[in-house]
Amino acid sequence: MIKVLFFGPVADRVGLRQIEVPFRDGLCWQDVRDVLQPQYPEAFALVSVTAVNGERVRDDGHTPLADGAEIVFMSRVSGG
Amino acid sequence: MSDAVRLQLEDFSQDEEVRALRASSQRMGGIAIFLGCARDFSEGRDVCEIGFDAYRPMALAELERLRAEAIERFSLLDARIVHRLGTVRAGDNIVFIAAGAEHRAPALEACRWMIDELKERVPIWKKEITPTGESWVTPHP
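Quick note, the sequences are listed as chains A and B, same order. Note that our numbering gives residue 25 to position 34 of the first sequence, counting from 1, and the numbers run on in steps of one. Quick note, our numbering runs 130 ahead of the 1-based positions in the second sequence.
Hint data in this document are derived by calculation from the structure and do not stem from the laboratory. Don't take every hint at face value.
What the hints assert, rightly or not - Cross-link-like lysine to any residue pairs, in silico, SDA-like; alpha carbons within 20 Å at most:
| id | chain 1 | residue 1 | chain 2 | residue 2 |
| --- | --- | --- | --- | --- |
| 1 | B | K257 | A | A2 |
| 2 | B | K249 | B | I201 |
| 3 | B | K257 | A | L37 |
| 4 | B | K249 | A | V40 |
| 5 | B | K257 | A | F35 |
| 6 | A | K(-6) | A | L7 |
| 7 | A | K(-6) | A | V40 |
| 8 | A | K(-6) | B | R186 |
| 9 | B | K257 | A | L7 |
| 10 | B | K257 | B | A168 |
| 11 | B | K249 | A | S39 |
| 12 | B | K249 | A | G45 |
| 13 | A | K(-6) | A | T41 |
| 14 | A | K(-6) | A | R47 |
| 15 | B | K249 | B | V135 |
| 16 | B | K249 | B | F164 |
| 17 | B | K257 | A | E33 |
| 18 | A | K(-6) | A | D58 |
| 19 | A | K(-6) | A | L27 |
| 20 | B | K249 | A | T41 |
| 21 | B | K257 | A | R67 |
| 22 | A | K(-6) | A | V38 |
| 23 | B | K249 | A | R67 |
| 24 | B | K249 | B | G216 |
| 25 | B | K257 | B | D170 |
| 26 | B | K249 | A | R47 |
| 27 | B | K257 | B | R175 |
| 28 | B | K257 | A | V38 |
| 29 | B | K257 | A | R4 |
| 30 | B | K257 | A | V5 |
| 31 | B | K257 | A | V40 |
| 32 | B | K249 | B | E173 |
| 33 | B | K257 | A | G6 |
| 34 | B | K249 | A | L37 |
| 35 | B | K249 | B | V267 |
| 36 | B | K249 | B | A134 |
Please take these sequences and the hints and turn them into a complete structure.
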């Protein structure tokens, strides 16, 4: 399974803090976004950063994920 | 001694943080501090409390990285960053940043750099709680 986490304003708009997506070989984070974005368009309108396994992604979203990977779709941060 | 970088629910003591920073080196000639506090008024509304949400493992790792980068970039002798999570009341402390260097200029520059970078990079989100409702804060300079 792929664990998808939401925080802050994105979590509020999704109405959940965590979703699990079935894993399949070759699955990429962009595939996961393509599945979830139509279900939660208002939440994904805020998303500007994606993290995989705690690291900000800088690829085009087509690097295959490992089973058990953790993805976070984040809005702009506002700490401090 | 407490860790130099922490995320915590409870308040922190500025005196203890400065004492810990000073204990790391007697070559420190300048210490700059930034203390972020919860305002009771924002965007034309009274604010009672501020709530913080965080992707905690990544936020802590990013703060550690930020501290290491600041030490390298500004030749600091030491630096400390403490950020509170959970809910804080108006007037409470939110974030403490301290930079210690041989001279004042790099300490001051590093302190400013760390809070600016924190606000851009660290996955923490702030929600203002007012008498009439709650709203997530939109980042601004």
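Verification of the supplied hints:
no.	hint	result
1	B/K257 with A/A2	holds (12 Å)
2	B/K249 with B/I201	holds (18 Å)
3	B/K257 with A/L37	holds (15 Å)
4	B/K249 with A/V40	holds (14 Å)
5	B/K257 with A/F35	holds (19 Å)
6	A/K(-6) with A/L7	holds (12 Å)
7	A/K(-6) with A/V40	holds (16 Å)
8	A/K(-6) with B/R186	holds (16 Å)
9	B/K257 with A/L7	holds (17 Å)
10	B/K257 with B/A168	holds (11 Å)
11	B/K249 with A/S39	holds (15 Å)
12	B/K249 with A/G45	holds (18 Å)
13	A/K(-6) with A/T41	holds (13 Å)
14	A/K(-6) with A/R47	holds (16 Å)
15	B/K249 with B/V135	holds (16 Å)
16	B/K249 with B/F164	holds (13 Å)
17	B/K257 with A/E33	holds (18 Å)
18	A/K(-6) with A/D58	holds (9 Å)
19	A/K(-6) with A/L27	holds (12 Å)
20	B/K249 with A/T41	holds (17 Å)
21	B/K257 with A/R67	holds (13 Å)
22	A/K(-6) with A/V38	holds (17 Å)
23	B/K249 with A/R67	holds (9 Å)
24	B/K249 with B/G216	holds (17 Å)
25	B/K257 with B/D170	holds (13 Å)
26	B/K249 with A/R47	holds (15 Å)
27	B/K257 with B/R175	holds (13 Å)
28	B/K257 with A/V38	holds (17 Å)
29	B/K257 with A/R4	holds (14 Å)
30	B/K257 with A/V5	holds (16 Å)
31	B/K257 with A/V40	holds (19 Å)
32	B/K249 with B/E173	holds (18 Å)
33	B/K257 with A/G6	holds (16 Å)
34	B/K249 with A/L37	holds (17 Å)
35	B/K249 with B/V267	holds (12 Å)
36	B/K249 with B/A134	holds (19 Å)
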